[in-house]
Amino acid sequence: MGFFHNFLSLAKWNALNILVVFAQRIVLARLLGPAALGAFGIALNASTILSRWLSFGVGPSTQYFASKSVLRERNVLGTSLALTLVVAVLGSSIAYVASPFLKSTVFAQQPDGWQIFWRFLPYLPAMQFAMVTAVFVLGRNLTAQYAVIQFVPNLLFLIVLLYAALFHGALQHAIAGQQVLWASAAVIGIVYAYAQESRARPDLAVGKDMVQYAMASWPVVFLRFGTARISVVLGALYVGAHDLGQYVVAVGLAEALLIGQGALSQLLLNRVSDAGSKADDLFLRLMRLLTGGLLVAWLVTALVGKPFFLLAYGPAFAPAWSLFTLLMGMSITRGLFQIQLSYLAGRGRPALGSLAQSTEFIVLLVLIPPIAATLGVTGLAIVTIIASMAGLIVATIIVQRQTGVRLADMFLPRSEDVLMLRDRFRKSVK
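Numbering (our numbering), first residue to last: 453 to 882.
Just so you know, the hints here were simulated from the structure itself, not pulled from any lab data.
Here are the computed lysine to any residue pairs in the SDA-like style, where the Cα-Cα straight-line distance is at most 20 Å:
1. 758 - 474
2. 555 - 821
3. 660 - 801
Since the model is a prediction, treat every value here as computed from it, not as a measurement.
I would like the entire structure built from these sequences, with the hints used as guidance.
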């Protein structure tokens, strides 16, 4: 199937997934309130960051090799699962050894967050298997199966939260719901992956190539979650749990807007890794469409979204609205940034993306302490936007040097792009 056919097929599921995620986050905020949500948010973000950092690049390597048409008959799945098992054991061991340090630093001001994090930690392997099997399925262009892996666990989490709304112990149900999400995503992912490659066995030759690519892409993985998630973890050192809960709502909504874009960037990686420079026109067209689409979404949301936000979240989270409108700027820059990173990874140069992400990461580390300590969560949002803009600028320079394209070709929307998308959509619904 073609790229746009896969994207439109995935978009149908993404629309449902976005609705479920929005509902999930609204119910979670209503159940917990700002302070408990702040504790839950730092535990969740710290767990997610650790799961990605300690995966040692196996996820991107799996998708890169799974998308290679010349490797369809090789044991990519068996090799990636064997590598995931190794890094899951190694990563969990490192996480437990490092836990006293994390407790005394990251969670020093957030004791409730630490208790939640400690209950999340045993699910680190499930997070890693869920990630690897999902990107393997997507690498094989099985968009419907990938969408199910994303949708069903989120739906199960929402069901647990709705059950909690009827009984006491909301925080305990929220923790259990998150654990169910990770475990179910891992199980569904493994089932779908084995259905595609039922005789999966580790392959030493493929393993050597995958490890080499994984090590090259690990810096990118290490830094990929810098903007939104690291800002929550570092922000916990300078703001209280109540204010952090406001920021968690705002940044969670800003990230939710990128659910569809995240899948789009993964599909682009598949196409570029298989087609090489022949996919450059597709990359540029996606950049232009995304620039226009995200700007329109930001404008419409800022103009008419506040009443709906307050109706959904209630007056307790009113301060989160202004943070959300600020952080939508991060959604725009981050969305474009991820497309550029996928393009570079697809061309076999993931390490170049790490230069841009290093810039983003350094800006966060340098600016969060003085600005968050002075301006609180508003300063945290401002630094997040500055960091994502810095990453986008550096990534744009790198892509320009690789392709020689003009800025206008990359960012200025064209009517022909919209017409092309309209025609593709019409063909897909016939």
